[in-house]
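**Q** Chains as they are written, first to last, in my numbering: chain A, 5 to 431; chain B, 5 to 431.
Calculated directly from the structure, the hints in this document are not laboratory data.
Keep in mind it's a predicted model, so treat the numbers as computed, not measured.
Do not take every clue at face value.
[As the list claims (entries may be wrong)] If the Cβ cut is set under 10 angstroms, some of the chain B residues that face chain A in the computed set are:
no., residue
1, I21
2, G254
3, N272
4, A276
5, T291
6, T381
Don't be surprised by glycine CBs; every beta carbon is placed ideally from N, CA and C.
Protein chains: 2
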Amino acid sequence: MTCELVFVGTELLLGDILNTNAQYLSRQLAALGISVLHQSVVGDNPERLRAVLETAFSRADTVLTTGGLGPTKDDLTKEVCAGLFQKKLILHEESLRRMRAYFAVKGIEMPQTNEKQAWMPEGAVIFENANGTAPGCAMEKDGKRLLMLPGPPREMKAMFERSALPYLQQFSDGMIRSREIRTFGIGESSMAQAVSDLLDRENPTVAPYAKSGEAMLRVTAKAKTEAETEALLDPVVQEIEQRLGGYIYGVDVPNIETAVVRELLRRNISVATAESATAGLVAKRLTDVPGASAVFGCGIVSYQNHIKEKLLGVDPQVLETDSAVCETVAVQMAQGAKRQSGADLAVSVTGLAGPGKDDRGRDPGLAYLALTDGTRTLTRTVCTGQTGPDCRDFNRTVFSSQALDLIRCYLRDFGDTASPAVKDCDA
Amino acid sequence: MTCELVFVGTELLLGDILNTNAQYLSRQLAALGISVLHQSVVGDNPERLRAVLETAFSRADTVLTTGGLGPTKDDLTKEVCAGLFQKKLILHEESLRRMRAYFAVKGIEMPQTNEKQAWMPEGAVIFENANGTAPGCAMEKDGKRLLMLPGPPREMKAMFERSALPYLQQFSDGMIRSREIRTFGIGESSMAQAVSDLLDRENPTVAPYAKSGEAMLRVTAKAKTEAETEALLDPVVQEIEQRLGGYIYGVDVPNIETAVVRELLRRNISVATAESATAGLVAKRLTDVPGASAVFGCGIVSYQNHIKEKLLGVDPQVLETDSAVCETVAVQMAQGAKRQSGADLAVSVTGLAGPGKDDRGRDPGLAYLALTDGTRTLTRTVCTGQTGPDCRDFNRTVFSSQALDLIRCYLRDFGDTASPAVKDCDA
Numbered sequence: 005m006t007c008e009l010v011f012v013g014t015e016l017l018l019g020d021i022l023n024t025n026a027q028y029l030s031r032q033l034a035a036l037g038i039s040v041l042h043q044s045v046v047g048d049n050p051e052r053l054r055a056v057l058e059t060a061f062s063r064a065d066t067v068l069t070t071g072g073l074g075p076t077k078d079d080l081t082k083e084v085c086a087g088l089f090q091k092k093l094i095l096h097e098e099s100l101r102r103m104r105a106y107f108a109v110k111g112i113e114m115p116q117t118n119e120k121q122a123w124m125p126e127g128a129v130i131f132e133n134a135n136g137t138a139p140g141c142a143m144e145k146d147g148k149r150l151l152m153l154p155g156p157p158r159e160m161k162a163m164f165e166r167s168a169l170p171y172l173q174q175f176s177d178g179m180i181r182s183r184e185i186r187t188f189g190i191g192e193s194s195m196a197q198a199v200s201d202l203l204d205r206e207n208p209t210v211a212p213y214a215k216s217g218e219a220m221l222r223v224t225a226k227a228k229t230e231a232e233t234e235a236l237l238d239p240v241v242q243e244i245e246q247r248l249g250g251y252i253y254g255v256d257v258p259n260i261e262t263a264v265v266r267e268l269l270r271r272n273i274s275v276a277t278a279e280s281a282t283a284g285l286v287a288k289r290l291t292d293v294p295g296a297s298a299v300f301g302c303g304i305v306s307y308q309n310h311i312k313e314k315l316l317g318v319d320p321q322v323l324e325t326d327s328a329v330c331e332t333v334a335v336q337m338a339q340g341a342k343r344q345s346g347a348d349l350a351v352s353v354t355g356l357a358g359p360g361k362d363d364r365g366r367d368p369g370l371a372y373l374a375l376t377d378g379t380r381t382l383t384r385t386v387c388t389g390q391t392g393p394d395c396r397d398f399n400r401t402v403f404s405s406q407a408l409d410l411i412r413c414y415l416r417d418f419g420d421t422a423s424p425a426v427k428d429c430d431a
Numbered sequence: 005m006t007c008e009l010v011f012v013g014t015e016l017l018l019g020d021i022l023n024t025n026a027q028y029l030s031r032q033l034a035a036l037g038i039s040v041l042h043q044s045v046v047g048d049n050p051e052r053l054r055a056v057l058e059t060a061f062s063r064a065d066t067v068l069t070t071g072g073l074g075p076t077k078d079d080l081t082k083e084v085c086a087g088l089f090q091k092k093l094i095l096h097e098e099s100l101r102r103m104r105a106y107f108a109v110k111g112i113e114m115p116q117t118n119e120k121q122a123w124m125p126e127g128a129v130i131f132e133n134a135n136g137t138a139p140g141c142a143m144e145k146d147g148k149r150l151l152m153l154p155g156p157p158r159e160m161k162a163m164f165e166r167s168a169l170p171y172l173q174q175f176s177d178g179m180i181r182s183r184e185i186r187t188f189g190i191g192e193s194s195m196a197q198a199v200s201d202l203l204d205r206e207n208p209t210v211a212p213y214a215k216s217g218e219a220m221l222r223v224t225a226k227a228k229t230e231a232e233t234e235a236l237l238d239p240v241v242q243e244i245e246q247r248l249g250g251y252i253y254g255v256d257v258p259n260i261e262t263a264v265v266r267e268l269l270r271r272n273i274s275v276a277t278a279e280s281a282t283a284g285l286v287a288k289r290l291t292d293v294p295g296a297s298a299v300f301g302c303g304i305v306s307y308q309n310h311i312k313e314k315l316l317g318v319d320p321q322v323l324e325t326d327s328a329v330c331e332t333v334a335v336q337m338a339q340g341a342k343r344q345s346g347a348d349l350a351v352s353v354t355g356l357a358g359p360g361k362d363d364r365g366r367d368p369g370l371a372y373l374a375l376t377d378g379t380r381t382l383t384r385t386v387c388t389g390q391t392g393p394d395c396r397d398f399n400r401t402v403f404s405s406q407a408l409d410l411i412r413c414y415l416r417d418f419g420d421t422a423s424p425a426v427k428d429c430d431a
């Protein structure tokens, strides 16, 4: 089964709206084992929409549209699709009743214009809209299928899960399952090189991705049953785990902060933060993870030097001589945060986010990080190489990821026993 | 001039990636007065890509692609496009030099595989990549134009602004200019009602948008010259400013943090933060704005109660009796941050981000905010109404925006003179 996605709406062509439906539906269809080889966006124009649908049906047996089911005269998807399948629109009484009830709950009478939304193609399977007025539907003719869903994501998603998904499942003869192997500290090319022989595999496939300074491998298997996909995935994932070892922070974990907080929770180790360049971003990311309050209680943002001195006890002499962006300041910040918080660990970041150089002429992208448990102190120097006018966001994101990774490396490398101080846990 | 957008990448078809490039480029081309009537997404497959390009050129004179310029064998956009235009790929020495320098900065030798990225279609205009390795380009043949940009948004955007935009501008014969009027504290419907008569205008058009608890109006004019668009925009923008008054935090300002930091800088007023539920997000957003270090030096993230007591001097009795989420704690947090930092103002947030209820059975979405200048204390209670399983992100974002808006309202309402303490600056 091949399905094309057609997104209808002039607002998409003008960029007024971010097309989140595209990602959502692509994922859902992939998980059903349905191939999506093309997606199109077209405006609220009946001739162009019809032409796009004809092209889509020349390549695929199923087309799924979103948008154009609203009450205004611009909304023409149903009319065009019904025309293409040579079906009449007829009033669907149950949908009309539901729409009236929808308005009644809000204490308003249904505007006359909305009645249009209850006229549906003859013989179509009607999809109820749990979060709005426009019903969706599915039509079949000569082995071709056309599904129409509303454009607003809340309405579309609920309708997809409740109605379109079970409808499509009847036609799907297999499933696709993926596992994401997430790494830190290795570049995309080096990662790909380490598994280069696996990248040519067919089932499961292995594909590398990179984003915001992280590299990831996705292993994807296609089979009849869940158990068969698992059996295909397991050995390949294990092989990759063996090759990439300590670079891997998790499999099917959404991000490094989640991996770090889970491990802190599992081992009941608390952490505090002292941030300059990232100014709260490390704390924010740790607390993005629900339940983080059990292992994270205190963060100090010391964006100016006098705060580094006052709240973290950084030596003013060092700030004067070596500037705020140096390893010694990073170490003293971490020590200060540990003292102030009483946490088991404290991690610190001081650096140059940019976009400008610092007063010593150093480029942005440079940061010093430290982590202390009171006995051991790990440090790390980061150089992102990003110095352009819009480097600030990227650098701050990478600095914060590196700080999270420093916690991860500590947790990976050290048990609960004390050991002599070490420098730089990273290869 | 008609332009089609073709997004190349199997990761888009699988839903691995949200296609933010589509919205960005659609907006940019609309602003240039270039019509975009179709957009397509196609995978890393040479035959299908070629067919999509042929269809696109049957409808438009210009096609812009993103993606498929990477170093791996999957990346084939350049090869396919050059084939379509019957151009050879030749080594572009300058790009190769730039790529080698890019790696050198990071202290790594360029992998051999990357050299592929420096092979460009003969006669093409080369677009330098300020944020990565893959150069882009533009080709022309028989009145048809094909532009190729890289897929990663940071690389694509920088290249578009620096190179593709000036290239396209030569072919555009009119222009569209927009102004964005950004508000806080008024809902989308109330805002739209206040300007309802303006929403039917044709040139300039006025359109309302809402996102993450903020409402915005976009005023868009079409004309031959910049001066003419300005002349069309000015009176309408002024009219809206008059009607929405103090709700407006800025015109053509990217976000509320930028508006706040600019005003703090202009008036040389410093601020400190004390955060519980947002846990660093307010500090992070303030310091997203380059130059914030002149007015922001200190943030304290007190995610656990003992840190609220120790670092901010919050009364343990109040924490015990009224919990950490109440107005008194918010006020004491702000006072504590003011004391610790010595800043002119301090703002605080304590609340329930969710997803769970608190131990008193209160729903997430509730937060108490306070701001103090040592004399005046403003407070605000926020209730987002979002309690679902994925409410956490939204609630934290809204709480932090409200904290930023509390600073804005203080700056709006109070000059440099002392005045009696007031409660809640917001209507």
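**Q** For each hint, tell me whether it holds in the structure or not.
**A** Consistency of the hints with the structure:
{"no.": "1", "hint": "I21", "result": "holds, 7 angstroms"}
{"no.": "2", "hint": "G254", "result": "violated, 20 angstroms"}
{"no.": "3", "hint": "N272", "result": "violated, 14 angstroms"}
{"no.": "4", "hint": "A276", "result": "holds, 9 angstroms"}
{"no.": "5", "hint": "T291", "result": "holds, 4 angstroms"}
{"no.": "6", "hint": "T381", "result": "violated, 22 angstroms"}
When each numbered hint is compared with the structure, violations occur for hints 2, 3, 6.
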